[in-house]
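There are 2 protein chains.
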Amino acid sequence: MFCDKLTEKAIVLSDNPLAKTKNGNIAGIKKSSTYIFRGIKYANAERFHMPSKVGPWENSKPAVSYGYVCPERTTPIGYDAQVCPHYYMPQDENCQYLNIWTQSLDRNEKKPVMVWMHGGGWNSGSSVEQYAYDGEELSKFGNVVVVSFNHRHNVLGSLDLSEYGEEYAKSSYCAMGDIIECLKWIKENISCFGGNPENVMLFGQSGGVAKILYTMQCPECDGLYHKVAIDSGGIKEQIIPEGYTKKQIAQKLARLTVEKLGLSKQTIKKIEEFPYWDLVEAANQAEEKLKEELGRDFSWRWEPIEDGELIIGSTLKNGFRKETSKIPMIIGNVFGEANSNLIPNNKLGDGYKNHWSDLQIQTFCKEKWGNEYETILEEFKKVYPDNNPADVLFMDYKERDGQLNLVKKRLEIGGDVWNWLFKKESDFNGGTVAWHCSEIPFVFHNVSFIEASFEPGISDQLEDIMCQAWVNMAYSGNPNGGCVPEWNKMQKDNIYTMIFDEKCKVEKNHDIKLRELLKKADK
Amino acid sequence: MFCDKLTEKAIVLSDNPLAKTKNGNIAGIKKSSTYIFRGIKYANAERFHMPSKVGPWENSKPAVSYGYVCPERTTPIGYDAQVCPHYYMPQDENCQYLNIWTQSLDRNEKKPVMVWMHGGGWNSGSSVEQYAYDGEELSKFGNVVVVSFNHRHNVLGSLDLSEYGEEYAKSSYCAMGDIIECLKWIKENISCFGGNPENVMLFGQSGGVAKILYTMQCPECDGLYHKVAIDSGGIKEQIIPEGYTKKQIAQKLARLTVEKLGLSKQTIKKIEEFPYWDLVEAANQAEEKLKEELGRDFSWRWEPIEDGELIIGSTLKNGFRKETSKIPMIIGNVFGEANSNLIPNNKLGDGYKNHWSDLQIQTFCKEKWGNEYETILEEFKKVYPDNNPADVLFMDYKERDGQLNLVKKRLEIGGDVWNWLFKKESDFNGGTVAWHCSEIPFVFHNVSFIEASFEPGISDQLEDIMCQAWVNMAYSGNPNGGCVPEWNKMQKDNIYTMIFDEKCKVEKNHDIKLRELLKKADK
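Protein chains in written order, with UniProt numbering: chain H, 1 to 523; chain V, 1 to 523.
Derived by calculation from the structure, the hints in this document are not laboratory data. A portion of the hints provided could be inaccurate.
Intra- or inter-copy, both count: the list cannot distinguish identical chains.
30 Å max Cα-Cα, derived DSS-like pairs, lysine-lysine [as the list claims (entries may be wrong)]:
| id | residue 1 | residue 2 |
| --- | --- | --- |
| 1 | Lys-270 | Lys-289 |
| 2 | Lys-30 | Lys-503 |
| 3 | Lys-508 | Lys-246 |
| 4 | Lys-269 | Lys-408 |
| 5 | Lys-347 | Lys-9 |
| 6 | Lys-508 | Lys-22 |
| 7 | Lys-30 | Lys-110 |
| 8 | Lys-140 | Lys-30 |
| 9 | Lys-140 | Lys-31 |
| 10 | Lys-187 | Lys-269 |
| 11 | Lys-347 | Lys-31 |
| 12 | Lys-408 | Lys-270 |
| 13 | Lys-505 | Lys-9 |
| 14 | Lys-184 | Lys-289 |
| 15 | Lys-408 | Lys-22 |
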């Protein structure tokens, strides 16, 4: 979506670049070296039905505007435009659109394909929600084909109407169905965008990780991707109250929703006609009712349910499927995540941690960890001597534990895996530890578009290294090479972690004790 | 909204620039030389009530994210992302937000203030709807303070509930009320953004012109602005079927809407609680019913009604108010407007007009104008010898007639006025005549952000001239100066028109005969 300053004329419609897909020609634009195709329809779908393929067309279809994104339940304006600028496209159920950035339209180029799974998971978000998701710079920097896509989510993506007849037997798999259909479209068509359908890397962050892990548990997707890079997500199971199965909860939520709409098994077909806002209001009320029964803390993720067929078990409970063992992965997260002092709720004192005296830091640590605080502080200083000791207060060791657990599960099936931790502090707000999402512009080589992240000479060097690692992975299944410092593969008994910071380096088992201390103190 | 590549570090929150408004401090950002404040709340309002001032606050309020925009009736994705990229912010009734771009926060600077009235008029649009509306480049190029703002529109802006009691006596003036409140906020506060409250220029396009003309008919706004520049709008009155007054239609539409919602005079207060989508659906149905009665062609503009008090008469019917005679104006429009071959409906033959033979051009002209076509073609070649004669088919002489009518009305009250016509063809689609909105990026000095408009060495030269003319106007009330070719003021008996094209020049009475021929042939 970047509408940054053009330095040369963009190729305009009469002579714009045509990609010759199986179904017909698609006309994008060329901006400097990059061919951009926005809003290609990869599937069609009726509400609560699995998607179907798009039919062939004559002449050429323009792909210059991004497509509709899936309707959200609410779209509040973030306080975070400076750290994470958002891009909001109009919302419509008819949202099966993908975007492509590439340096060539030659079938013989066979460049690696990097498919971005956006955050927000099964509930919200879109392929263009964050400015950082724009694929132009990544495609240019890495000479790779970048793809991002929208799919249905929340009530449209997974309301489980299976009790209401055969027609809706798969209604809870609409979101997953869109993802599968998109990956199949890529397999069939990416070669005419210069991409290699036999070398596809999935990468994603937060809710995008959840979607990648489900894709890896889905046999229908085997062969549609070949490498994986995940950031900050997928570490926790949906919590299911005792006495229920996940399926039972999904069906119950659907039942309550249908009742709210005044429908029954006989009239269920009408659920396809309600305006989205009425449907979502009914689902919201149904969720409230469910909370009354299951507890206020209960929160439904709108994720598809492992049925042993489309989705074989859960990564966390059952481990990765053996069939995925040849997929190399990079797995990591950021230092602060949702614990960062970026988040207003996490603020302590005057909020400017880098102004605090040693005494203030000690006081805050004592308030948090009681008598353990001294040991924790000492250990933190040993592990991260270059950090302000105050940073320990905003560290998210739990997310890192979770990512290392995923690493362990990869090692169990013999997969190659590399681990990383993004620890770059931003000058924002007088010093802000890395927050959930803060690594995305580095991976996409988009740091100079983000006000709070761009530090000339520093952040641009780091994005070169990170982006190169992801690109190396896409090319060869190994993040090493070029400007990336030597990065050891994970071993069963040794945790090698690439620290992405002003200086990048690999650490060995560096924070085991620190995380143990924090875990103990938290109990 | 441009998130273009930063070349230096943006100033981030702990040390970001503070503007000290009457009510409290506002914290924006600094991007290179420009201070940017996004989403400043200038008023509060309850649904169907006139706005009220925002109260004072302590600490500083961040202004880094654009504010909510007024809900639309529908938001379709345009086919026009390449010629006119759009930016869609989340929609909410709570939409009284303005944005400021300035080069200084010094009260002593007293720079001219340019206040943009966005298109879409009383019905749709927002201060950030088009990328071209971004004020950074204009502020930098002209060293001026640029302001843009959102206000209520359509059903929220002007549903006339005056029949339902004193509380709603002014409900049809909510949109106008927001505009007035915004201009008052600027008067009170713009000095702390380096602006001169005694030198404010309103500029706007299309529906923005309608709003400017209403502002000029509103005595409460006298003294809140000092110069005006209008583009392509405000030339036609709302059509009112015989036997009705405008007020009667407005009240009837409100009555039908209230009925659709199942409300009455007793329960009217509940209209403030309906979800927006239900309200707008009722208004849509009410409008349909009105069409049944008044004819399918009837279309309601949601504009406020001249009441002789808040709004004194209509510009077109009653002429400009004498009180505005000291306001200098520039008035103009573009060559093709909605008649441009950009619009799919206007396409003729293969659509590539610049490929046509003389014979093809003649055939299309004959189909359109019958036997008059030869005279018209000859005259067009005389008037615009550098144009492809095919362009006559896509010329909008009616809009130009309308703008010259507004010019005439200015001259009637003795106002200074300059006229222009934007005629730059784009290479887009093999040659596209200037379309409705195509001049906006030139006025804002944003051409290099628009794929279909940027032609290095050509469009950037033209934007320098156009932007300079608007900036000159803002500084001195006269568009002449600097790189702008000498531009004669309009005279009663002579039409001087600045032609903005690859070469800019002033023509005298150049197209009177051509417009007469076209008018005659159209009859």
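If you check each hint against the structure, which ones fail?
Those not satisfied are hints 3, 4, 6, 10, 12, 14 and 15.
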